[in-house]
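A.B. asks: Chains A and B, in that order, are what the protein sequence lines are. Per my numbering, the first sequence starts with residue 197, numbered consecutively. Per my numbering, the second sequence starts with residue 197, numbered consecutively.
One thing to keep in mind: the hints can contain errors.
Note that the list lumps identical chains together, so a pair holds whenever it fits in one copy or between two copies.
Distance condition first, Cα-Cα at most 20 angstroms in a straight line; then the derived PhoX-like pairs of lysine-lysine [what the hints assert, rightly or not]:
#1 Lys293 to Lys565
#2 Lys265 to Lys398
#3 Lys562 to Lys293
Derived from the structure by calculation, the hints contain no laboratory data. It should be emphasised that the depicted structure is a prediction, and the values quoted were computed from it without experimental measurement.
Residue-level listing of the chains:
2 protein chains.
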Amino acid sequence: MAKIQTLPGFHDFYPEDLKIRNYLFEVWRRVAHRHGFVEYEAPTVESAELYRRKSGDEILSQLFHFEDKGGREMALRPELTPSLARMASARLRDYRKPLKWFQIGPCFRAERPQKGRRREFIQFNADILGDAGTGADAELAALAIETLREFGFGTDEVVLRLSNRDVWNDFLAEQGISFDRAGEFLTILDKLERDPEGVAAKLATLGTSTDAVREFIARDPDPEGPLGRVLADLEARGLATYVETDLSIVRGLAYYTGTVFEVFDRARALRAVAGGGRYNDLAALVSDGAVDLPAIGFAMGNVVLGDLIDQCAEAKVRLLAWLDERTAAQVYVMIADEASRPHALAVATDLRRAGLRVDLPLSPLKFNKQFQAAEAVGARVGVIIGSEFPAISVKDLHHRREVAATADTLAQTVADILAAPGPLIA
Amino acid sequence: MAKIQTLPGFHDFYPEDLKIRNYLFEVWRRVAHRHGFVEYEAPTVESAELYRRKSGDEILSQLFHFEDKGGREMALRPELTPSLARMASARLRDYRKPLKWFQIGPCFRAERPQKGRRREFIQFNADILGDAGTGADAELAALAIETLREFGFGTDEVVLRLSNRDVWNDFLAEQGISFDRAGEFLTILDKLERDPEGVAAKLATLGTSTDAVREFIARDPDPEGPLGRVLADLEARGLATYVETDLSIVRGLAYYTGTVFEVFDRARALRAVAGGGRYNDLAALVSDGAVDLPAIGFAMGNVVLGDLIDQCAEAKVRLLAWLDERTAAQVYVMIADEASRPHALAVATDLRRAGLRVDLPLSPLKFNKQFQAAEAVGARVGVIIGSEFPAISVKDLHHRREVAATADTLAQTVADILAAPGPLIA
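Required output: the full structure, derived from the provided sequences and hints.
C.D. replies: Below you can see the structure in the form of structure tokens.
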């Protein structure tokens with residue numbers, strides 16, 4: 197029998213890693229709440245048909261899928277949007293529009309693991325459903341930007357590239373290309389940067405050229421068009437410097453309708469940190485036409501975001517400050533002699549009920565080892581319980597200062613030390 | 197094409213449900229942190245071998261399992277403990293003992309859905325690893341009780357039934373039953389309440405009787421034995437009234453060694469709300485003997501806990517107070533005329549950056565409808581932006597009171613209203 201290992205592409209979050217991941221979760225939630233979004237949660241497992249209907253049969257090879265004993269074809273969700281469309285469609289009449297909903301949770305894909313691509317990964321999704329206007333587009337883009345601002349990123353670090361697939365209809369009209377071929381054209385355009393030669397050949401078969409496309413991309417957006425209106429809204433929010441229009445962004449999937457955007461690091465060294473757009477037709481697809489629900493959403497992953505924080509001094513400072521506030525314990529109750537253990541247990545219980553994070557030795561431990569244990573859990577305060585109880589000695593472990601307390605004054609004495617500035621923790 | 201549905205046994209958490217689930221998560225995390233526990237997270241998918249090694253081949257029929265393209269046998273985790281044993285064993289040298297770790301996350305079982313049993317369900321697991329003493333047993337039991345206390349349950353509502361499998365060794369010795377048959381004996385004993393006749397017959401084949409067993413259960417525990425020491429520790433913490441010794445609790449699985457406990461509602465109307473015990477041999481099993489790591493842990497689910505809260509007035513009051521603090525928005529920015537929208541967007545952005553939950557109409561909306569929208573999102577404050585901007589009108593929507601503000605005084609004006617007592621929200 198061999199030792200059992202973590203499966204490839206899956207990740208063990210040990211406490212020091214999970215703390216960082218929980219920081220991302222907390223910021224995502226905080227900023228979404230400030231924008232009036234409410235959290236929902238879809239099941240981890242869905243009917244495989246949900247993904248097949250959105251993306252065709254070929255999607256199944258990218259999913260972990262299996263059958264239950266009843267022969268139902270089930271899949272681990274590869275993304276959150278289809279579940280949202282299903283849930284919102286099923287109970288649309290119960291909610292006032294627009295719905296501003298977000299979810300944070302794991303998604304899965306059965307692809308070969310590679311750098312920055314895991315088989316289980318976290319997505320933060322935010323969506324506005326039931327409002328087809330550009331004001332909703334701007335609100336959603338603003339949420340993406342404000343989230344990154346809250347992490348500490350400035351306009352030198354991140355940029356939101358804003359586009360709109362509908363604007364290309366003007367181009368098709370100008371170039372005399374049939375609107376029936378819009379989907380085909382956008383799929384070609386999506387490869388403009390990655391495969392310029394292939395794109396040039398394919399554009400020629402449509403009766404246009406890379407030059408014509410590039411000239412169109414370089415034009416200023418019509419201020420009365422959808423792109424211009426989203427830009428004006430974001431400018432009113434003071435976010436214009438975070439945004440660039442970039443019509444070359446069309447996001448490959450047939451799925452999108454209208455506004456699309458992607459958020460990148462300015463240096464373009466990483467993959468997109470977030471991406472989204474309008475998908476006004478999805479609810480009809482999963483509800484078999486019963487529901488017509490305009491929608492826009494974005495997804496932000498944890499992996500690229502983590503890399504981005506690593507590269508930005510301000511973002512790192514904010515993360516470290518958050519981590520410093522969250523040591524395993526603030527207080528370590530020390531037992532000077534084992535006969536005092538019952539008193540120590542009572543004191544620890546009181547301090548915990550007062551809301552403090554408190555640890556203590558669960559088995560007999562030499563007194564000097566207890567100081568090491570206090571340091572290991574990051575405690576600022578040592579509370580020493582010994583034979584002189586109810587007299588208690590309280591130590592500021594950062595300043596090596598000691599004060600006397602009784603059971604009655606203990607909570608306040610500890611609070612005073614915790615409130616006083618301490619040296620920076622490494 | 198039919199409408200796509202939620203799979204049977206899986207659950208959609210709509211926002212109003214997820215808020216309650218997040219309340220459970222927040223209390224679980226808060227109390228665990230106060231007790232010096234740190235959070236980790238195992239993958240959702242593990243090697244099927246991990247569960248087979250702990251529970252035998254028959255476990256596979258209760259799991260959702262599948263193969264990846266490389267032929268690896270994978271399973272959705274049915275519980276969290278095996279992953280913890282794997283993770284702790286793999287990096288044991290990196291951590292100071294004892295490890296006090298908790299996880300909150302979904303687990304899965306491929307059984308037929310029934311009342312209170314879903315195919316995807318949430319577990320809160322807390323474990324202490326690397327300390328074999330009764331102090332660790334008591335700390336863990338105390339965490340279970342303090343968690344329920346924090347929800348608002350008193351000694352009239354919940355009871356922790358404490359037992360220890362090793363204590364039965366004294367019984368085996370007294371009755372002249374070979375220790376080799378201890379596992380068999382405990383498996384029989386586990387059915388004492390559910391199948392008294394079957395148990396009587398089986399006990400007879402071991403050369404003992406139900407009467408002898410019941411007489412042993414009725415004895416007071418030895419204060420110097422493990423059970424007595426755990427009780428004394430819990431008494432020092434002021435928790436004795438939450439605890440009853442009950443040797444009939446042995447928890448069926450062969451897996452447990454030593455202390456075991458289950459937490460029930462006093463009325464015994466529901467399944468156990470939490471259960472746990474020592475499992476000192478599991479790390480050796482998953483590490484192929486490389487690691488010897490004493491451990492004790494418990495699991496608490498969300499379903500029974502939810503039912504229990506529903507039955508307890510104090511617990512419901514606490515939940516509702518928490519929910520009332522978490523409306524979708526605190527402030528609704530109203531746009532008296534569309535020409536003022538840019539000002540409204542700027543004001544909303546400022547208030548959001550000040551930390552408030554703020555909503556506003558994303559598309560043009562009649563002024564009276566905006567009051568309905570404000571009420572629908574639970575906003576206490578209406579901030580009216582119109583042609584007289586930068587003069588702003590601020591409304592306390594609960595008391596129908598209106599005050600004037602400017603951009604400079606707005607944040608404080610809003611904060612004052614939010615701090616003032618409001619009528620109870622239905």
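A.B. asks: Hints numbered earlier in the text: which of these fail when held up against the supplied structure?
C.D. replies: Checked against the structure, the only hint that fails is number 2, while the rest are satisfied.
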